[in-house]
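Visitor: Mind docking chain B on chain A? Use the hints.
Sequences listed follow chains A and B, in order. For the first sequence, the working numbering begins at 1065 and goes up steadily by one. For the second sequence, the working numbering begins at 18 and goes up steadily by one.
What you were told as hints is all true, and nothing was included just to trick you.
Derived DSS-like pairs: lysine-lysine, alpha-carbon spacing no greater than 25 Å straight-line:
no.	chain 1	residue 1	chain 2	residue 2
1	B	207	A	1233
2	B	620	A	1125
3	A	1202	B	205
I should point out that these hints are in silico values taken from the structure, not numbers from a laboratory. These figures come from a predicted structure and were not determined experimentally.
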Amino acid sequence: MELQAVLMAAGGGSRMMDLTYNTPKPLLPVGNRPLIWYPLNLLERVGFEEVIVITTKEVQKALSTDQRLKTDVKMRLDVVCIQEEADMGTADALRHIQQKIKTDILVVSCDLITDVALHEVVDLFRAHNATLSMLMSKVHEFTETVPGQKGKKKAGEQRDFVGVDVTGKRLLFMANEADLEEGLVLRKSIMRKHPRMLIKTGLLDAHLYCLKRSVVDFLVHNKSVTSIRGELVPFLVRKQFSKSLNSQNATEDTEKNQKQQDAHHNFELLSTSKDEALLQLARERSCWNDHRGDMSEAYHGGKLRCYVHIMEEGMCYRVNTLAAYIEANRVVPKLFEDPPIHPSAVVSERSLVGSDSIIGPSCQISDKTSIKRSNVGTSSIIKEKVKITNSIIMNGVTIEEGCNIQGSVICNNAMIGRGADMKYCLVGSGQRIEPEGENGVAASTDPLSPPPPHPFNFSTSPPPTFLSSLSSWTRLFGHNL
Amino acid sequence: MAGKAGKQSRPRKAEKDEEEQPLQAVLVADSFNRRFFPISKDQPRALLPLANVSMIDYTLEFLTSTGVQETFVFCCWMSSKIKEHLQKSKWCRPTSPNVVHVITSDLYRSLGDVLRDVDAKALVRSDFLLVYGDVVSNIDVSQALQEHKQRRKMEKNVSVMTMIFKESPPGHKTRCEDDDIIVAMDGKSKRILHYQRAQALKKLHFPMNIFHSGSDEFEIRFDLLDCHISICSPQVAELFTDNFDYQTKNDFVRGLLVNEEILGNQIHMHVTKDGYGARVSNLLMYDTVSSDTIRRWIYPITPEANFADQEGQSCTHSRHNVYREPGVSLGHGSQMEENVLIGRNTVIGANCTISNTVIGANCVIGDNVTLDRAYIWNRVHIANDVKVKQSVICDNVEVKHGVVLNEQCVLAYNVVVGPDITLQEGTVLSMHHPDEEDDEDEDEFLSDDDVGYSKDKTKQKGSCSSYLIMCIDDDIMFPGLALNPDPESDSESEVSEGSHDLGSHPASPELDDVKVFQNEVHGTLQRGLDENISCDNLVLEINSLKYAYNISLKEVMQILIRVVLEFPFQQQGAQISTAQYSSHLLPVSLLKKWAPVFKNYVKRPQDQMDCLASMEEVFLERETHWAALVKVLMSVYQLEILEEEGIMRWFKQSSTTGKSQQLRRNQGLLKFIQWLEEAEESSEGDE
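For reference, chain B alone in the conformation it holds in the complex:
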């Protein structure tokens, strides 16, 4: 019903005053991927606690603070839990400035499905924000929104989306290699020209058509983190409907950029320097964003602010970023070094060392426990002498005496571990058998990433009452926390490139060009002959070919000579006799016809020398036709293409090869030269 009303009123209202529409947002509370498996088996990702507050609360807080007045939350997996959570939260209170509608369907399989539903139900009236339920941010999007509207006004419906990025150069903590992107943009208009995930690429490839936009300044940026916040126009939803193969945002962006010329839709970007925006897209990001929260990077969203306004969650903030909720008891000799958040009613034993750690509510932690970069959720029991490094421990887990968790371990819900066991790096323990998951929804989720996810389906027996899922491809869980750029692997290709840099580079392409050029010139002349094209036009054509193949003037002349001299061979076959050859080429027919063409290229004395040299070259290759050379020379002389001086100079040139010396001793040629000399003398005599 609401949908119908919206559809009818849309056109009228939109024309009137788009400005006054309340800002809307679409929040997708499902990740459509399995990066948090097996944790997300029991709890949807949006509800996972991050610094003891559900992630969706961060997202809603961000939306509200940036001025969103109406939010549509789309849920699929465990939608009832999300609905329940939201109904209890402050967002559903009557005083909330942000009206939250929850829309659930089991049929959503991707972001595309959600947006198609948005379009079908006609939920959005004007520009809206599109976010995921796991985005943590304090960015003020109003400026980006302003820019977006400005662009939409300037050129109606051309720019459909503005993506928001955060500047974070490589090596930055909140960057995870998994989500590396490379963006090419227009320097002035901030238009995105190319968008690519760069994770597995060694070389970044940009098609040339992106540089044809008429701008003269482009920027290629590898220092951006996609915040997964985008300002979309209602067209975005329509475009998803039109293109039912768009599943993810990636599909959409790529599709739009590729079809930019056809559809005319553009995507722009906004880069924030100071704001914080990140999507908790995997456990590495979970680790990073949690610690950023505790270190107050997301101010004003800090743990003690209790923005979710939940009872009993208010905590105190003391030096070194130590936060304590009410009812925490700390045993004798226990130390909270720095960046620690402890939930309400948690009891910590004696002589514990805790740093960079979040502990949820109602946990019991024994004596002599060392916790570093541990994320411990609610109602967890940890016995004495346990060591935990950089691991996630979910609700209701029991860790027995003497257990050591090395880096990047995950203990999913209700797992019991121990006693006296050491878990290796990257161990994941869960109560769900890996197989049961596979049968159910193998292809169910169309994730934003195509990364596979392989599991070692061994069942570890012994002291654990759970299934062990070894994460072989531990890039997914905790992708090698130290970012290791691979300069070494780059070097190989560099070396090979370097070696051919100088030597082979100029040779091969040039050769081809010259060859092609020669063929083209031949074709041109042939056509000129057939269709009786004037020499002026032939020159024009040859000139344009010259530019097309980037041939120097000298080469043009050489090739021209070669083509003309070989013309009879081409036409009559290579076997023709000298007499035939010369009759074919001589004054009446070809040479005379093309004389203007030659004259255009043969101007300076140097040109004449080059011209003669290439003539010589041609004839050296065809010894049998030497007799014709004289005739050719004679006719070019008569046609005033070459001057006596040039010919004399060429003749006297000390030739390098024996063959060319032989050529110069040719009877006819000698006669011709003699004749020339005499003519010269006589002409001098005249003067």
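Isolated chain A, as found in the complex:
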């Protein structure tokens, strides 16, 4: 076994709380499959037979009961639960399962949906005997209007600066704009080794990493590292160009320093694996090196190397925001050739279901209903004369007759009363929208212009439950019911 796959599925989805309030992120339906299915499928496609899934109890329960997932995923899932309250970072999680890790690892996040040829990343890892290789992709612009979001997307988000060499593979530099207030500083020695550095912004880190086993050992020794992306990766990237610390005089004697040195020392030692000598010999005998301009040895003698594969085309989403969630739902069905209408769904012949929509198992779609560019989840009931466009209807939703739903997300088990008219709305799970006349009709202004500040105006005074959805964005939620 060359690589062990580790799937990180314990994240809370803090950037899309509205959706993850009741449904843990890995179980959010995307194209009528739970989100976690996509990374699992990615791994299965390239031939992994076993995967370690780090997740919460709740998800584990769902995984073991979800029949569809069971039939879809043939791989052996080794589920490791961590406590939700423990607030563990991804690096903590790796440390938690270190006993299970025997080889180099491939770490995947549960919110990754991509059609990348995974071997590209692994090949970099193999070819250069790298310590880290990771996947990035061009950021997708989200075109869909996001329900309940005020104005355009927040401008001036902090960009990541990623520096690669001229081949676009070797990862030389990584920093967030927030840390670069003083300006971008590079050591001349790095520039001397890699005289041409491409600095790219607008890249999405797919959170997919190949890591050497020694890195896990390093984590075991350095308990202060909690997150892979936040701390470990930037550290490894920086470490590429620092000298080995073995030669340093040990007189710097503060205890902490000493401890850290030991850790570094360990790291240094462990990264030279047993066949290192052979590789070294091969490199000495070969005239190959990885750069032009001089004849010095390959990689300039550096032992630690980080690589990145940047997807130029293809699809890569991280479903960690509402916008990404909606976009993924729109794009994903095109990738997997499932029948758009599940055989167990009951669709009236006198209804109109567009080919760009998918209907989940055991749905009931009644007469004179029109569904376009939308996903309808498992066991949802849609009554007569309902019009749904550009929307995501999760599982077990009931939509009474005469509703008009556009550009909205309706979470699990919600109930939409008769005659509701909603545009760009977000309805929380289990939420009930009372029928017309009793509770109000959603009326909205022109949907084509950027979403109005309050897309939801109730003609009658809203019931108290709605008041308690406190967010400044207009959403319908029952968190505080």
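Guide: Showing chain B alone in chain A's frame:
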């Protein structure tokens, strides 16, 4: 007169057809620095021979071959010599495709002066090439010119200059550490964003504003050699006039980049991979460019081409790049190994070994002489048994019997050395006393570089009939010919960086942010109270603060609780009594008012726990006010911010410290819990 005419006709013509204007060039035949001192004392740099041809001829040949039809040569130092040289050359013949005008003035002190004069005289009509008189190149600039014009057309007068660079990664021979530059450019538009000489820097610093151009791909290049060829628009000359403090090209480029946002002028770049372009800016470059010429890197400009078309200069080219002009006589047993050029009528004695060497015209070289990487100019006499390694010997020098010249020696004009003396590395001999130079023009030249130039003013007596100038700072003459990158010196800083990488990094900035955030939240709430701002807006503000300081949701809640609970202390001073405290905070006033704010942040059961934990934390710090805790809890319970379950769970939590256990044993609290339990039971009973 010509100037006036030009000025009047310029606007009309320029609008009509800028394309058809003949290409013009401005050639600056003065270096405005002293890097070639003391050689340049007797001869201007542009006229120094490089592979037996004056450097200015290379420059003019390059300009002509790239399509320049009119060249203005600006001279200052020894302008008469340059003028004389040009008048004799093929450039001033009527058949020359390139019309050369020589403009001289003793007042030029820098490139800036020259360009200001260009503007004053209105010499240029459209885009022109700007080069120095010591540039050797075979680059075809037409493509760069095309790009430049394209850019000028697309956005009128935005791009004012295109600099031409040659790709040469570190370690390349034609790179000299003196002229290392670092360039940051926009990946797509090839716009220069940052330009810096990197010679003495260990860390390269790029200001953030260069990355705000809207592009998402930038390139930082350290593998470029500035060819000192630039395509300029007439605006460049105007800009020099407007900014009288611009002296050098460096000033200009830096000034333009810094003021890009204000003035809106941009500089672009063109990188050539195959072409050759280098400026002979010091003796190291002289060495490199000479050997490149002989090794035919600058093809079609090669020694045997005799492009300057001077009589008697045509030479033959044989294997191993050995070139011989007519009339060379080679003694018995002498060998010309490789890369050798020998000028006309030079006589070489017996048993000499010559390699990688250029010898000028009418030289006499004795027997048993070894020359390696020697550059010997005209009419030099070298006696028997002389050894020369990597040195420059100028016109009319006499080297007597048994002299050994080690690396990087310079014998300036008319020097006589020997016999039987060994010159150490980096010795410079000249007939001029170093002092006489200093008095005359100490600050006269404003050079492109700020490198100082120190001399050892010892006068060496004995067998030399000249002054010795020891070049202490031999970086300038022959900057340590083996380029020695200094990885060792880098390592130190790396180590120190590495050690604080993990430990200290996360701690300090976070702490500050949290502190600042707390103050901000306090300020927000205070303002909310004063100006009666609605809770929705308060939430908005807190949310935006959250993003500004990158605070996690959990921390926001903790800080919010802390701020609210400490609010009375802040307002009334820390000494207030418990009663005062609770009356201040309690339902009627503060807590109730801010309840919606809390509700926004306290949603999940976990949030409630965190919320309680931070409450506990606050009260642990203020033992005297424990009584108030119950009241606070009561009111948050009544306001439905916290639920019974959460409070119960928190209460039952096995506390870690003795103090918090003590807190839980507080009378009031116990009562409250008891009340809660009963309420729970009763509510269960109801159901």
